[in-house]
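> Just so you know, the sequences run in chain order A and B.
All residue numbers for the first sequence refer to my numbering, where the first residue is 1 and numbers rise by one.
All residue numbers for the second sequence refer to my numbering, where the first residue is 1 and numbers rise by one.
One thing to keep in mind: the hints can contain errors.
Unchecked claim - The calculated label-pair distances, taken between Cβ atoms and stated as ranges, are:
| no. | chain 1 | residue 1 | chain 2 | residue 2 | range |
| --- | --- | --- | --- | --- | --- |
| 1 | A | SER178 | B | LEU16 | 42 to 50 Å |
| 2 | B | ILE201 | A | GLU154 | 27 to 35 Å |
| 3 | B | LEU237 | A | GLU154 | 56 to 64 Å |
| 4 | B | SER127 | A | PRO89 | 36 to 44 Å |
| 5 | B | LEU28 | A | ARG158 | 53 to 61 Å |
Just so you know, the hints here were simulated from the structure itself, not pulled from any lab data.
Just so we're clear, the structure is a prediction, and the values are computed from it rather than from any experiment.
Beta carbons are placed, not taken as given, at the ideal position from N, Cα and C, and that holds for glycine.
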Amino acid sequence: MKTLMKPFDLSQLSKAHEVRFAGSEGMEEQLPWPQFTVADLNFFYGRQQALKNINLIVPNKRVTAFIGPSGCGKTTLLRTFNRMNETVPGTRVEGSIRLGEKDLFSIPATTLRRVVGMVFQKPTPFPKSIFENVAYGLHLEHRLRRSEIADKVERSLRRAALWDEVKDKLNQSANGISGGQQQRLCIARALAVDPEVLLLDEPCSALDPISTAKIEDLLFELKKFCTIIIVTHNMLQAARVADYVGFFLSGELIELNRSKQIFQNPEKQETQDYITGRFG
Amino acid sequence: MIVSRSSSNPPSYPPLSRKIVNYVMLSLTGLCTLLVVSVLLTILVYLLWNGVHALNLNFFTKLPAPVGQSGGGVSNAIIGTLKLLALASSIGVPIGLLGGIYLSEFAGGWSAFTVRYTTDLLNGVPSVVMGIFVYTLVVLPMHHFSTLAGGIALGIMMIPIALRSTEDFLRAVPRSLREGGLALGASKSETIFTIVIPAAIYGIITGIMLDVARVAGETAPLLFTAFGNQFDSSGWLQPTSSLPVVIYNYAISPYDEWHQQAWAAGFVLLSGLLVVSIVARVILARGKKLSHG
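Bound-form chain B, shown alone:
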C-alpha cells in the first residue's frame, strides 16, 4: 500500500481490522491461559477439599489400618515412592545424562538419527506396556514383585526425557564457548567436561528434576512390578507400596475412609511434584542469572 505523503488525512494506524484481530487473539490466549491455570487450581482445591479429613499426622506416620478400623496412614507408600524414585534415578539419570552427552557432542549422521529416533519411540511406549515388559524381564524370573522391578520400570521410563533434555541444554551452549576452550589447547573431551557441561548444568539438573517428577506419578508400570504392600517393605526385593498405586487401590475400593485417604494421597503427591518443579524452575532461573551476569 502506498501512502501519499501529501495526504492531509493520514491513515490511522493500526487500522481498525488489525485492532480487532489483536483484541480477539489477546482474549483467546488469555482465556486459554486462564483455563490451564484454573484446571490445576481446581484439581488442587478439589483434592484438598475431599482429602482434608484424612490429612493428619497419622496419615504421614502410620501404616494403613485394616478395613473397618479408623485412622491409619500411608507412611509405607510415601517411603516406597521415595525408594522407587531413588532407584529409578540411579538407573535413568546416568544413562540419560551420558546418552545426552553422546548425542549432543559425539554422535553424527546415522548414529545420531538412530539414537534420537529410538529414544523418541521409547518415550512413546505406553507406561502399561513398560510395566508388562519389566514384569516379564524381572518379576517372572524372580518369582515375586519387588521395589527393584518397580525402580527398573520407572528408570527405563526416565531415560528418554533425561537424555533429550540433556541433549537440548548441551546444544544450547554456543559454539563460541566450545571454540574458546579448543583455542586454548583443550581437547574436545576436556572442553566438553570442563566448559560445555558446567555451562549447561543448571538446565540439565532442571530437566532431570522434572523427569523425576513426571515418573513419580506413574501408576500402570508399578501395578505389574512393585505391586503394593500393606506393610513396610524392607530392602529392595519385596513388593512395596507407592502413592500412585495406593490412590488407585483406595479409589476403586468401596470404603469411604479409603476414598478420603486416596484424595489425601493425591494431594500429597501433587504437592510434592509442584514443589519439585518449582524448585527446578528456581534453579534454572538462578543458573540463567549466573551465566548472564
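Bound conformation, chain A alone:
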C-alpha cells in the first residue's frame, strides 16, 4: 500500500539535511538536495516486519553508508530504492519514498531500475563476453548504433577503472577475470545506462583487500555524477568512503549523520555500542 506523502517536520528526520557542509578546502559546498526522501516506511516479509517507520533523506551526489548488524534491515531498505524487493513473493511495503520530486512507486520498476542501478554482494557477471556484459543495459532500451554502444562501453569501463585491464580481451568470457575485476565489471555495467543513483550491497565482502581498495577509490570518482548508497559490514570501509552514515538496528534507523559525527561522537548509545564493537 502506498500512502500519500504527508508533510513532516524535517527536524524529526535525520539531521543530514540540516547540516551545512564545509568542503575539504573550506569552501562552502552546496546544500545537497535530497535524492531519496523516505517517510514512514514500513516493510514486511510475510508477517515479519523488516523495516519499522523509517524516515530519512539521502543526499544527492554523496556517498551514504548503511551500517548495522545482520538482519537489521539495511539491505532491505537498499532494495526498496530500486523496487527489487517486489520480485520476492510475499513482501509488502507501506509509506512513501520520493526519488527527487517523484513518487518512487509511481515509476515503472524497469524504468526506475535504469535510474537507480545496483551492484550486489557477489559479482554477477552474465555468461557473456566482457563487452556484452557492459552493453547489456544499452541493448535493452535504446536503439543505439554500434559505435555509440562501443563508446559507452569504453566510457563505463574507464569510469569503473577497469578499461586498462580488459581492453585487450573485451570479447572473452566475463567469467574468466578475477573476482575483483568482475565486481568492477558489474559496476561498469550499472554505469553504462547513466544511472542517477548507484546502490551497492556489500560490494566488497567477497573481495580481497587490494580489490576492495580499488573499488573504494572508485567511489570517490563516481560520486561526482552519481548518488551512492552502500551497505557494508565493514565499519572502517564506511568511515573511509561515506559522507553520511546511517546506523540500523532491528529494522529501525537509529541514527543518520555525517560520517565523522557517527564515528567520533554518535548521539545514540546503541550507535556507540555498535561501532565500538560491544555488540553486533
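Guided by the hints, dock chain B onto chain A, whose structure is given.
Same frame as chain A, now just chain B:
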C-alpha cells in the same frame, strides 16, 4: 568424549572401528562401481562377439535379404530410426523446453504442482501403453501404421524428461544472476531469455540429447505405431523399420543369420547411444568450464 590433554597416551585417531567401517564401505562402493561398469562392458563385448560376423558394409547399406539368402543389411532400419528420432524431437523438444521454462520461471503454487505431478505420471506410463494410446489416436483413424505415428509416440515419451531436465537446469541458475538482469531494468522475460536460458543452455542441450538417446531404444511403442518394414519407407505416412524393432523381430525369428544381424543391430544401436551420451557429457563439461572461467 572428553580427551584429557595431560594424557601421556593420546588416543590414536581415527579409532580402529572407524578405520574398519571406512574400509568396508569403500570396498562396497568400489565393488558396486565395478559391477555397473562391467555390466555395460560385458553387454558391449557380448553384442560385438555375436554380431561381428554380420557387421560389414552391406549391413549399413543394404536392405534386408529374404530368408535363406545370405547378406543383406538394415539400412532401412537405421534411416527409419533417424527419421523417427527427428520427428520425436520436433514434438518433444519444443514442448519440453517451453514447459520447463514455464515450470521453472512462471508457474507458482497449484499450477506448478499440477504440471510437475502430471509430468511425472506421464513419465511413469509404461511404453507399451503409450504405443496403444498412439495406435488408437493416430493409427486407427489413418487405417495404417506410419513413421508419423511412431514419431508421435516417441515424441510424447520425450516430453517429461525434456521438461524436467530443462526445469532443473534453469532452477540451478542462481537468483543473483536473475537479479543482476532485473537490476539493469530488464523485464522478467527479457532476463529469462537473455540471461537465464543462455546460462543454462549447455545443461539443457545435454538433457535433451540424453532424452533422445533414451527414446532411441524404445521398442514397445513402435510395434503398434511404426510397425516395421522390409523396405525403405518413403515419406512419413508409411510404416517404417527401426533398429529396436528389427532387433526384436530378428531375435524371435528361427534363423541364425537373422540372430547374428540382431546382435549386430544391437551393437550399432548401443554404440550410437554411447556416442550421443559421451558427446552430451562433453558439451556439459565444456559449458561448465566456460561459465566458471
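> Confirm or reject each hint.
So, going through the hints one by one against the coordinates:
Checked against the hint of 42 to 50 Å, the pair SER178(A) and LEU16(B) passes, with Cβ atoms roughly 47 Å apart. The hinted range of 27 to 35 Å is satisfied by ILE201(B) and GLU154(A), whose Cβ atoms lie roughly 29 Å apart. A C-beta distance of roughly 59 Å is found between LEU237(B) and GLU154(A), which places it inside the suggested range of 56 to 64 Å. For the hinted restraint 36 to 44 Å between SER127(B) and PRO89(A), the CB-CB distance of approximately 39 Å keeps it satisfied.
Our hint of 53 to 61 Å for LEU28(B) and ARG158(A) holds, since their Cβ atoms are close to 60 Å apart.
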